[in-house]
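Novice: Please model the complete structure; the sequences and the hints are all you need to start from.
Take a look at the letters that make up each chain.
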Amino acid sequence: DVKVTQSSRYLVKRTGEKVFLECVQDMDHENMFWYRQDPGLGLRLIYFSYDVKMKEKGDIPEGYSVSREKKERFSLILESASTNQTSMYLCASFNPGQGYNSPLHFGNGTRLTVT
Amino acid sequence: QKEVEQNSGPLSVPEGAIASLNCTYSDRGSQSFFWYRQYSGKSPELIMFIYSNGDKEDGRFTAQLNKASQYVSLLIRDSQPSDSATYLCARMGGNAGNMLTFGGGTRLMVKP
Chain L
324 DVKVTQSSRY LVKRTGEKVF LECVQDMDHE NMFWYRQDPG LGLRLIYFSY DVKMKEKGDI
384 PEGYSVSREK KERFSLILES ASTNQTSMYL CASFNPGQGY NSPLHFGNGT RLTVT
Chain W
968 QKEVEQNSGP LSVPEGAIAS LNCTYSDRGS QSFFWYRQYS GKSPELIMFI YSNGDKEDGR
1028 FTAQLNKASQ YVSLLIRDSQ PSDSATYLCA RMGGNAGNML TFGGGTRLMV KP
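Residue numbers (our numbering), protein chains in the order written: chain L, 324 to 438; chain W, 968 to 1079.
Please keep in mind that the hints were generated in silico from the structure rather than gathered at the bench.
Just to be clear, a hint being listed does not mean it is correct.
Below, a list of computed lysine to aspartate or glutamate pairs in the EDC-like style, where the Cα atoms sit at most 20 Å apart [as the list claims (entries may be wrong)]: (1) W/LYS969 with L/ASP351; (2) L/LYS326 with W/GLU1012; (3) L/LYS326 with L/ASP351.
Specialist: The structure is reproduced here in structure tokens:
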């Protein structure tokens, strides 16, 4: 079974803090994603990565950056947290070798509150 | 126009009835379509995917795809209270490439 692990289930941070959200997958997947989920807005893609050191902006990258130094780890960084970044953050991974029918495997999510 | 659109609901059905969840998409180049179920406070889990026109059945679930109408649906037969969740429609391919683009989800409530 594919396992996608997010380091924290709940986080509370102050405005202006630098925040790191970590995600690790154990199935050697090339593609990894960071989404945020807000009521009424569904899942929105922040950033994704096709390979080590590769990153691409998703639909809402502003205020975020990412790091992928190793294949299994994809980190989301909030350089200066703001209250509008309070949300549920979901990491996911995917094996493109299986084509368009491959499922996206999600982590358990990190609920971030910025005060 | 959103790339993937779903009615947010809630859709309320009695136990034992058929629940019909609908989804439309704007990119004709989309290749595959996925239905995820998400319980409150949990991460989404894959129920089914479909990429060919027509119906695909898996147990109580049937996914239907009509590429000409850019429409995909999920039918849940013999609905159970445990089916109460938010159902997310997603697509892959076309201008999204290997990314999944999600709809906003439909909240389903199955009443005993």
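Novice: Now tell me, hint by hint, if it's right for this structure.
Specialist: Hints versus structure:
{"no.": "1", "hint": "W/LYS969 with L/ASP351", "in the structure": "violated (32 Å)"}
{"no.": "2", "hint": "L/LYS326 with W/GLU1012", "in the structure": "holds (13 Å)"}
{"no.": "3", "hint": "L/LYS326 with L/ASP351", "in the structure": "holds (10 Å)"}
Going down the numbered hints, you'll see the structure goes against just number 1.
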